[in-house]
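Produce the complete structure using the sequences and hints provided.
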Amino acid sequence: MRKSKRFKVIKTFDAIADRYILANHVLSFWQDICWRRNFFNHISDTLEKREIFLDVATGTGENFRYCPCDFKLRVGIDPSRNMLKIAKSRYPDAVFLEGIAEELPIKDSTVDLIAVSFGVRNFEDRIRAFAEFSRVLKTGGVLGILEFFPMENGSFINKAASMYIHHIIPYLGGAITGNFKAYRYLSTSIKNFILPGMMKIELESKGFKVVKIDRLFPNVYIFVAKKV
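Numbered by our numbering, the letters in the sequence shown go through residues 772 to 999 in order.
In short, the hints are calculated from the structure, not lab data. Bear in mind that the values here come from a model prediction, so they are computed numbers and not experimental data. Possibly wrong hints are sitting among the right ones.
To be verified - Simulated crosslink set (EDC-like; lysine to aspartate or glutamate; CA at most 16 Å straight-line):
{"id": "1", "residue 1": "820", "residue 2": "841"}
{"id": "2", "residue 1": "971", "residue 2": "985"}
{"id": "3", "residue 1": "843", "residue 2": "864"}
{"id": "4", "residue 1": "997", "residue 2": "975"}
{"id": "5", "residue 1": "977", "residue 2": "896"}
{"id": "6", "residue 1": "856", "residue 2": "869"}
{"id": "7", "residue 1": "820", "residue 2": "883"}
{"id": "8", "residue 1": "977", "residue 2": "873"}
{"id": "9", "residue 1": "859", "residue 2": "869"}
{"id": "10", "residue 1": "843", "residue 2": "819"}
{"id": "11", "residue 1": "997", "residue 2": "816"}
{"id": "12", "residue 1": "782", "residue 2": "879"}
{"id": "13", "residue 1": "878", "residue 2": "923"}
{"id": "14", "residue 1": "843", "residue 2": "822"}
{"id": "15", "residue 1": "782", "residue 2": "869"}
{"id": "16", "residue 1": "997", "residue 2": "883"}
{"id": "17", "residue 1": "843", "residue 2": "883"}
{"id": "18", "residue 1": "859", "residue 2": "789"}
{"id": "19", "residue 1": "878", "residue 2": "816"}
{"id": "20", "residue 1": "909", "residue 2": "822"}
{"id": "21", "residue 1": "878", "residue 2": "822"}
{"id": "22", "residue 1": "977", "residue 2": "879"}
Put into structure tokens, the structure is as follows:
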């Protein structure tokens, strides 16, 4: 992703911020709520300490609705100012920072949990972001990723899901938010993303041990990894 493309992505998310939560619920038939709950259930089983939680690509802060509430400090980071405005209004007890995954304004070895929900596809440099995650996490700290991936086979369910993602979501998402471009980008970013097996390899190359991979939907996966 070039810098100019990053700017376009930020501009797009700024434009849809006000309707983003509603669009996610409608487009997923409210399954995004179940996915996030399941995501944090998986994560909770692996946590050793609950002092600092960092939500990367936090958007409107939706993950704070589902994450364990017993963290001493909850921090969200996102490059979209309009998304952050909404997040701050929804979760005034959390700290929100404008920034990107590749350059986290966080000290080394201070974070117990990093979560990223549907944000890894938007990173400019995924490997650099994973290196940053490793830098700021404590040894034994947990990284959770909830993400869409390309379809891996041509089963009936996968074909139906693929048709919905690539042909229905761009129009329905555009109708809800008034921004068709944003949801064309969503479909394209899923189609062009890496496969789950490559994600595991990339995480392990940056000092993580992947302890859980769970498939929730034809192309929605949970990854839970620990810094070793």
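Inset, instruction - Of all the hints given earlier, name the ones this structure violates by number, lowest first. - result: The structure breaks hints 12, 13 and 19; every other hint is satisfied.
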